Amino acid sequence: MLKFVGKRLLAGIALVAALSVLTFFLLQTGSSDTARRIAGQSATEEAVAQVEARLGLDQPVMQQFLNWAGGALRGDFGVSWFNGQPVTDAVLSRISVTVSLAVGSVVLTALIGIVLGALAATRRGWLDRTVQFLGVLGQAIPGFLMALFLVIVFAIKLDWFPATGYTKPGDSVNEWLLSITLPVVALTIGSIGGVAQQVRGSMIDVLNRDFVRTLRSRGLPVRRIVFRHVLRNAAGPALSVLGLQFVILLGGAVIVEQLFSIPGLGPLALTSTSLGDIPIVMGIVIMTAIVVTIVNTLVDIAQAWLNPKVRLS
Amino acid sequence: MSRILKALAVGSAAALALTACSGSGDATGDATDTSSSSSTGGRADQLTIGAVVDIATWKAADAEWGNTATYHMAVYDTLLRTAADGTVEPGLAEEWSYNDDMTELTLELRDGVTFSDGTDLTAEVAAENVLRFRDGASSNTSNLSAVTDATAVDEDTLVLTLSQPDPALTTYLSQNSGLVAAASTFDAADAQTNPVGSGPYVLDADASTIGSSYTFTARDDYWDPEIQHYDTIVINYYADASALVNALRDNQVDIANTNSTTQIPDAEAAGYTINSLPINWKGLILADRAGSVNEALGDVKVRQAINYAIDREGLLQALESGYGEPTTQIFGTGTEAYLEELEDAYPYDPEKAKALLAEAGYPDGITVVMPQTAFVPASESELIAGVLAESGITVEYEQAGESFISDLLGGKWGMFAFGLNQEPMAWMTYQLALAPGSAWNVFHQPDETIESLAATMRLGGDDADAAAKEMNQYVVEQAMFAPFYRVLGVIVTNDATTVTMKDGQAVSNLWDIVPA
Chain X
3 MLKFVGKRLL
13 AGIALVAALS
23 VLTFFLLQTG
33 SSDTARRIAG
43 QSATEEAVAQ
53 VEARLGLDQP
63 VMQQFLNWAG
73 GALRGDFGVS
83 WFNGQPVTDA
93 VLSRISVTVS
103 LAVGSVVLTA
113 LIGIVLGALA
123 ATRRGWLDRT
133 VQFLGVLGQA
143 IPGFLMALFL
153 VIVFAIKLDW
163 FPATGYTKPG
173 DSVNEWLLSI
183 TLPVVALTIG
193 SIGGVAQQVR
203 GSMIDVLNRD
213 FVRTLRSRGL
223 PVRRIVFRHV
233 LRNAAGPALS
243 VLGLQFVILL
253 GGAVIVEQLF
263 SIPGLGPLAL
273 TSTSLGDIPI
283 VMGIVIMTAI
293 VVTIVNTLVD
303 IAQAWLNPKV
313 RLS
Chain G
1342 MSRILKALAV
1352 GSAAALALTA
1362 CSGSGDATGD
1372 ATDTSSSSST
1382 GGRADQLTIG
1392 AVVDIATWKA
1402 ADAEWGNTAT
1412 YHMAVYDTLL
1422 RTAADGTVEP
1432 GLAEEWSYND
1442 DMTELTLELR
1452 DGVTFSDGTD
1462 LTAEVAAENV
1472 LRFRDGASSN
1482 TSNLSAVTDA
1492 TAVDEDTLVL
1502 TLSQPDPALT
1512 TYLSQNSGLV
1522 AAASTFDAAD
1532 AQTNPVGSGP
1542 YVLDADASTI
1552 GSSYTFTARD
1562 DYWDPEIQHY
1572 DTIVINYYAD
1582 ASALVNALRD
1592 NQVDIANTNS
1602 TTQIPDAEAA
1612 GYTINSLPIN
1622 WKGLILADRA
1632 GSVNEALGDV
1642 KVRQAINYAI
1652 DREGLLQALE
1662 SGYGEPTTQI
1672 FGTGTEAYLE
1682 ELEDAYPYDP
1692 EKAKALLAEA
1702 GYPDGITVVM
1712 PQTAFVPASE
1722 SELIAGVLAE
1732 SGITVEYEQA
1742 GESFISDLLG
1752 GKWGMFAFGL
1762 NQEPMAWMTY
1772 QLALAPGSAW
1782 NVFHQPDETI
1792 ESLAATMRLG
1802 GDDADAAAKE
1812 MNQYVVEQAM
1822 FAPFYRVLGV
1832 IVTNDATTVT
1842 MKDGQAVSNL
1852 WDIVPA
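Going down the list, the protein sequences come from chains X and G.
Going by our numbering, the first residue of the first sequence is number 3, and it counts up by one from there.
Going by our numbering, the first residue of the second sequence is number 1342, and it counts up by one from there.
What the hints contain is simulated information worked out from the structure, not anything from laboratory work.
Nothing here was measured: the structure is a model prediction, and the numbers come from that model.
We treat Cβ as the ideally placed atom computed from N, Cα and C, and that holds for glycine.
You may find that some hints are simply not true.
[To be verified] No farther apart than 20 Å at their CA atoms in a straight line, the calculated lysine to aspartate or glutamate pairs in the EDC-like style are these: (1) G:K1810 - G:E1789; (2) X:K159 - G:D1607; (3) G:K1642 - G:D1705; (4) G:K1693 - G:E1609; (5) X:K159 - G:D1640; (6) G:K1753 - G:E1731; (7) G:K1753 - X:D35; (8) G:K1753 - G:E1684; (9) X:K5 - X:D302; (10) G:K1753 - X:D302; (11) G:K1810 - G:E1684; (12) G:K1693 - G:D1705.
[What the hints assert, rightly or not] Computed spacing ranges between beta-carbons, pair by pair: (13) X:I154 - G:G1663: 23 to 31 Å; (14) X:D173 - G:D1562: 45 to 53 Å; (15) G:E1567 - X:D173: 54 to 62 Å; (16) X:T31 - G:D1528: 57 to 65 Å; (17) X:L28 - G:P1606: 36 to 44 Å; (18) G:T1492 - X:Q65: 38 to 46 Å; (19) X:L28 - G:V1429: 23 to 31 Å; (20) G:P1606 - X:I15: 51 to 59 Å; (21) G:T1502 - X:D173: 46 to 54 Å; (22) G:L1472 - X:D78: 26 to 34 Å; (23) G:Y1738 - X:D173: 42 to 50 Å; (24) G:E1739 - X:L28: 19 to 27 Å; (25) G:A1719 - X:T31: 18 to 26 Å.
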């Protein structure tokens, strides 16, 4: 198992390294006026040149990358070019917010998706058709529309939740729950369908296998067969989908955070990218890649635990 | 049922609690309703402000103003203050006076003022602030371009030496040019994120998230407690217009600037009071008055034709739902240059526009290239082009890139749609858009008539007022700009809050926001 985890971690490190190279050089193509923006609209060419020299923008791109990579390897991701905030502070203070939304959404997706998928696979008939229809409908509705709908109904009309903003759990767990409920639900609705479909398909597949027929013929209760044997065998593909959903939800959180005015990575990513604040963008990409790598590794470990054949591969 | 009780009823609470992975004392935007109830001692507990612009830097030497003035007014004092009507009043300086030829401004600073780091205000610190701002990265550094030196004569006396008189200097010193930060911030690595001022509030960094929400607490030892109307001030920045509208609908803020007049109906429906004042003019800047990029624009008849081609009422209805004031002058209504007869100097008349183009030698019309930017929606650009096309003026849009501002100010386009501040003083409008060195005299074109009038305005008095009016008349006759209308700055307030709008500024003075 240790060798398996080690391999996955090495692959993750290679992924982060490749991503950092790709992102850095891609960012160079769209940030031609950064020094001017920092120096101010009315700054002289001399002042702009001073900013370029201070930030190292007057050096060749490869040298700029090596400077950044050298710092990053020492854990120094630099400071924002625009507001001077250390990148580590800016990203770490926000990534926890975004990850909490994504994790909350994955947990909710897993709970609802597995229940609906299992019901559809075991009951079939109208329930199966309804679950499939609602799954497609959920995926078809754009996340921002769902977010606006939830705000209008549950925040403005019913006044159950705040329309915008975020309370940290350290201040009040209840207020924190209220502040993230609508964003989490907005993120979740679109992803339930995919998980439910996956669980349904896998369970139908397992239910038709010989060992399940044997268990049935020995008179074991259906509930025990489903929970002890079918779900465990069908869990592998569902876990893969949930891992993938987590990554998708991290991306989806960008828009939802903007709409709910939540101080996660989304607004920071949008602002930094539009300004050309390369240190912050690089920090976001690297930290997000690390989180995604960790989640994928955990999913792989869970898969290996569920199915020893995975470890051998 | 309170939201706390409702929280306990949230079905997904248990599942979501598993995800409480953000407890590291980090971000917070206040998600609760506002609370402006009065506390003991005459102050209200909290003021929650909705902002549409985030603060880019707290460093006083690089500070911007406009929409970010509220942030600065919370933590910093300025050398002077301006009242809502534009009158200059004492700030950190109790008294000020010019010498005879108005090239030396002496400011007497008040005693007993301390910064939030415990250090004292001195004339030396104030002088250093002035010089650092003049040489800093703010877009308003030119406000202090006449200041050749700032020196501390003694502990409390600051003298600014000027290369030539500047009638707007005292007003500038009540804005970002007059912000005073503690000496400890001058070379501090965290100066951009950690403000140390002598202002009425201090930033609570632990309760704030850069780029999202800022919490300020009132200082107990502030020298002017009369302007501290709240114990705590929270400024929530709404990057998304929909988020601001939703925050208003849910009564999450006491006061907010709106992104545009289209949000007025939503704010009214949510029970907010609408406070408005013209703050900008929007229209075309006919920058290439020498005809170096587009020869036709060098002819005054062509520029006048463009002015006659504009259906100002129609554009106001279409673009601002009627909120605003059609005008053909760039000087504000409160300035000494304002002339009522110039409000409609170029009535919409496509036939007259075509005739003027023909007189100028363009019987088949002209073609101009304008930039298409994210600042102006494509639909708006098309509308403007459509209006001009009716008079034979064809607009070809060129997609502006990343370096839009540099290109614009570098003279890439002869004319473009933009909006400029309606300054509270005629002199400030001259400095902003007409002086040869000003950023928005894009081609830095000198004009003898304007410079002659500016020389009179520089010295103040009745002659200066007359010269300002004459300058306005001349600018309109020369059709240097083609304003559409004045845009309303809108501040909405709830029942617990009142505000006095400030002439020429997007936001009010912080101390003019008071509990109702």
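Checked hints:
1. G:K1810 - G:E1789: Since the Cα atoms of K1810 (chain G) and E1789 (chain G) sit roughly 16 Å apart, the hinted pair holds (cutoff 20 Å).
2. X:K159 - G:D1607: Holds, at roughly 14 Å.
3. G:K1642 - G:D1705: holds (15 Å)
4. G:K1693 - G:E1609: violated (41 Å)
5. X:K159 - G:D1640: Given that 20 Å is the threshold and the Cα spacing comes to 58 Å, the pair is violated.
6. G:K1753 - G:E1731: violated (25 Å)
7. G:K1753 - X:D35: holds (15 Å)
8. G:K1753 - G:E1684: violated (30 Å)
9. X:K5 - X:D302: holds (13 Å)
10. G:K1753 - X:D302: violated (56 Å)
11. G:K1810 - G:E1684: Holds: K1810 (chain G) and E1684 (chain G) sit about 13 Å apart, inside 20 Å.
12. G:K1693 - G:D1705: The given pair, whose Cα atoms are some 14 Å apart, holds under the 20 Å limit.
13. X:I154 - G:G1663: 23 to 31 Å: With a Cβ separation near 26 Å, I154 (chain X) and G1663 (chain G) satisfy 23 to 31 Å, so the hint holds.
14. X:D173 - G:D1562: 45 to 53 Å: violated (27 Å)
15. G:E1567 - X:D173: 54 to 62 Å: Given about 32 Å between the Cβ atoms, the range is violated.
16. X:T31 - G:D1528: 57 to 65 Å: Violated - the Cβ-Cβ distance for T31 (chain X) and D1528 (chain G), about 35 Å, lies outside 57 to 65 Å.
17. X:L28 - G:P1606: 36 to 44 Å: holds (42 Å)
18. G:T1492 - X:Q65: 38 to 46 Å: Taking Cβ atoms as reference, T1492 (chain G) and Q65 (chain X) lie about 43 Å apart, which means the hint holds.
19. X:L28 - G:V1429: 23 to 31 Å: Violated, since L28 (chain X) and V1429 (chain G) (Cβ atoms, about 51 Å apart) do not stay within the stated range.
20. G:P1606 - X:I15: 51 to 59 Å: holds (54 Å)
21. G:T1502 - X:D173: 46 to 54 Å: holds (51 Å)
22. G:L1472 - X:D78: 26 to 34 Å: holds (33 Å)
23. G:Y1738 - X:D173: 42 to 50 Å: holds (49 Å)
24. G:E1739 - X:L28: 19 to 27 Å: Because 25 Å falls inside the window, the suggested range holds.
25. G:A1719 - X:T31: 18 to 26 Å: This hint holds: roughly 24 Å between Cβ atoms.
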